[in-house]
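Trainee: These are the residues of each chain, in order.
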Amino acid sequence: MEPAIEAVGLVKRFGDVTALSGLDLTVPEGTVLGVLGPNGAGKTTAVSILTTLLLPDEGSARVAGVDVLADPAEVRRRIGLSGQYAAVDEVLSGYENLEMIGRLYHLGKERARQRANELLERFDLTQAANRSVKGYSGGMRRRLDLAGALVAAPPVLFLDEPTTGLDPRSRLDLWEIIRELVTQGTTLLLTTQYLEEADHLADDIVVIDHGTAIARGTSDQLKAQVGGERISATLEDPTDTAAAIEALVPLAVGDIESGDPAGQLLVPISGGAAVLTDALRRLDAAGIGLRDVGLRRPTLDDVFLILTGHRAEEDAGPGGLAEGASADDTEAA
Amino acid sequence: MSSVAQALADTAVVAKRNVIKIRRVPEVLTFVLISPIMFVLLFGYVFGNAIEVAGSSYREFLIAGIFAQTVMFGATFTGVGIAEDMEKGIINRFRSLPMAGSAVLAGRTASDVIYNVLSVAVMAITGLIVGWRIRGSFLDAVVAFGLILLFAYAVSWVMAYIALIVPSVEVINNASFMVIFPLSFIANTFVPVEDLPGPLQTFAEWNPVSTVTQAARELFGNIPPGAPQPDAWPLQNPVIYSLLWIVAAVAVFSTLAVRRYQRVTKN
Ligand SMILES: Nc1ncnc2c1ncn2[C@@H]1O[C@H](COP(=O)(O)OP(=O)(O)OP(=O)(O)O)[C@@H](O)[C@H]1O
Ligand SMILES: [Mg+2]
Chain A
1 MEPAIEAVGL
11 VKRFGDVTAL
21 SGLDLTVPEG
31 TVLGVLGPNG
41 AGKTTAVSIL
51 TTLLLPDEGS
61 ARVAGVDVLA
71 DPAEVRRRIG
81 LSGQYAAVDE
91 VLSGYENLEM
101 IGRLYHLGKE
111 RARQRANELL
121 ERFDLTQAAN
131 RSVKGYSGGM
141 RRRLDLAGAL
151 VAAPPVLFLD
161 EPTTGLDPRS
171 RLDLWEIIRE
181 LVTQGTTLLL
191 TTQYLEEADH
201 LADDIVVIDH
211 GTAIARGTSD
221 QLKAQVGGER
231 ISATLEDPTD
241 TAAAIEALVP
251 LAVGDIESGD
261 PAGQLLVPIS
271 GGAAVLTDAL
281 RRLDAAGIGL
291 RDVGLRRPTL
301 DDVFLILTGH
311 RAEEDAGPGG
321 LAEGASADDT
331 EAA
Chain B
334 MSSVAQALAD
344 TAVVAKRNVI
354 KIRRVPEVLT
364 FVLISPIMFV
374 LLFGYVFGNA
384 IEVAGSSYRE
394 FLIAGIFAQT
404 VMFGATFTGV
414 GIAEDMEKGI
424 INRFRSLPMA
434 GSAVLAGRTA
444 SDVIYNVLSV
454 AVMAITGLIV
464 GWRIRGSFLD
474 AVVAFGLILL
484 FAYAVSWVMA
494 YIALIVPSVE
504 VINNASFMVI
514 FPLSFIANTF
524 VPVEDLPGPL
534 QTFAEWNPVS
544 TVTQAARELF
554 GNIPPGAPQP
564 DAWPLQNPVI
574 YSLLWIVAAV
584 AVFSTLAVRR
594 YQRVTKN
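These protein sequences, in sequence, are chains A and B. Residue numbers for the first sequence follow our numbering, so the first one is 1 and each next one is one higher. Residue numbers for the second sequence follow our numbering, so the first one is 334 and each next one is one higher.
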């Protein structure tokens, strides 16, 4: 089956700035692609090209079976877009905005009205429905804009940083809506700064930087790419370090890192909690006291930092992982 | 639905949105209506008292020209409206929807007809108060007002195009006035074209402001008896020439503007 979104070799220059330098993207029908990348990576530029707002200098793209360059009007009929900045009319009310969008999708008067009311309800905007958007909070505007993308229930959806500026509850609500849409068969391309979001929603992830893809795969594949599980241990007495390494070497599947900070060990392993238990036993047998210990898997944040930081500091290897450690990801044994 | 019907339907949706905005931000309307009153009073009294015209007052003679000139100034609102839309987020919404590209512009020029109708009505009432009279038939007067409104509509399209070629809202007024000032002052509005030096006289004779003014004066019956017949063809056939100019201007500038709109942020 033809992918719902397929871009090949997209290049876009703005004067001296090369926003995209040969980007390829493929999103199979009914799946979610998360596009990650630091500021200025080219995410919005890619979304703009795929949604016919911008012409690429080179490359081609097909969306929902239609060539973006050859028949942009037909593409627009089949997509919904919520851009990085809310595209709503400030003076109109929330209802009037959605009704207008419905009319411009040619849903007809009755259907446009019905869709507007449904979506206001779904995005928790019913109370503000008849107020001018000027008086909406940032998050309300964002939600209205997302509702705008869904008016025509399009088969392919583009959301550029959809949860930026939303409070945690609204974010969870939106995730819920997105999951529901995907269950019903919608294809989604989502850009985000929140790795947690990509982790939750995306089937596939592509990390872009300087306008080109630098890594792609599922969230698990990407994590594996920057290193597997580790035991992170902090010794009570840093002078025990050598003894601890000696005790744990049989369990390690790679080099053990130590000493940063003093008394800290990072032991690459494979086998999860059972190995951790084994490690604890060995340290205990060797009489080595621990202040803290945990099993730690790389997060997408690690992936992001390592992959995109790589250009800045060529030799920041997987050791950088330790810096990204956070309590959330540390499971106690 | 055919694509023309579709484009018209989209235009109606955009026009409706603009009308909602007029109602919700009535301050704009206030200014739209104050300047025509000011123009009639200012030009009517400053120039109107200066010259005596046998048979009718010079002020009465001036009014049609003030109408034509004022609706042209009013058309700058179209340019401002479009330039503002282009800077707002909503334009990205419009551009991602399967609507006719022309509808954003056509919807604006259509909704601005409301401004023009109100502005002409206010000027007519002000004119009547200061002594202007319609001396022709009712039907002729309707034709005169219709011609002035069509002229305003055509100038709206010129302003729409200007709005799309200038880089920002801040410069739109200056850019518009570079078109409006020559058109409104190298014309027969205040002085007979015969009094202008050579090239300016030719410009004034073919200037649509002159011919719309001439047509309205004739139709309102505001030309004093015994006034000299104009020499130039456009002024001799002011209704036909004005209509031709209006059709040509709408055709040319709507095409240019729509093309420009479709390209403007795509690169
Ligand atoms: N219209 C434009 N004119 C000039 N340069 C532009 C334009 N749009 C984007 N760029 C440049 O292209 C590059 C990519 O921008 P883009 O907006 O696609 O990044 P992004 O990944 O969406 O960033 P962010 O996370 O900040 O939204 C940036 O260097 C940006 O400055
Ligand atoms: Mg962006």
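No lab work stands behind these hints: they were computed from the structure. One thing to keep in mind: the hints can contain errors.
The calculated lysine to aspartate or glutamate pairs, modelled on DMTMM-like cross-linking and capped at a C-alpha distance of 25 Å, are [to be verified]:
#: 1; chain 1: B; residue 1: K421; chain 2: A; residue 2: E90
#: 2; chain 1: B; residue 1: K349; chain 2: A; residue 2: E196
#: 3; chain 1: A; residue 1: K134; chain 2: B; residue 2: D564
#: 4; chain 1: B; residue 1: K354; chain 2: A; residue 2: E29
Computed far set for chain B versus chain A, every beta-carbon distance over 12 Å [as the list claims (entries may be wrong)]:
#: 5; residue: I355
#: 6; residue: F372
#: 7; residue: F427
#: 8; residue: L430
#: 9; residue: A433
#: 10; residue: V585
So the derived label-pair ranges between C-beta atoms look like this [to be verified]:
#: 11; chain 1: B; residue 1: S335; chain 2: A; residue 2: G40; range: 54 to 62 Å
#: 12; chain 1: A; residue 1: D16; chain 2: B; residue 2: Q569; range: 53 to 61 Å
#: 13; chain 1: B; residue 1: F514; chain 2: A; residue 2: V17; range: 52 to 60 Å
#: 14; chain 1: A; residue 1: A70; chain 2: B; residue 2: T363; range: 47 to 55 Å
Here the structure is a predicted model, which means the values were calculated and not measured. Don't be surprised by glycine CBs; every beta carbon is placed ideally from N, CA and C.
Trainee: Indicate, hint by hint, whether the structure satisfies it.
Mentor: Each hint tested on the structure:
no.	hint	result
1	B/K421 / A/E90	holds (9 Å)
2	B/K349 / A/E196	violated (42 Å)
3	A/K134 / B/D564	violated (57 Å)
4	B/K354 / A/E29	violated (40 Å)
5	I355	violated (10 Å)
6	F372	holds (28 Å)
7	F427	violated (7 Å)
8	L430	violated (5 Å)
9	A433	violated (9 Å)
10	V585	holds (24 Å)
11	B/S335 / A/G40: 54 to 62 Å	violated (44 Å)
12	A/D16 / B/Q569: 53 to 61 Å	holds (58 Å)
13	B/F514 / A/V17: 52 to 60 Å	violated (40 Å)
14	A/A70 / B/T363: 47 to 55 Å	holds (49 Å)
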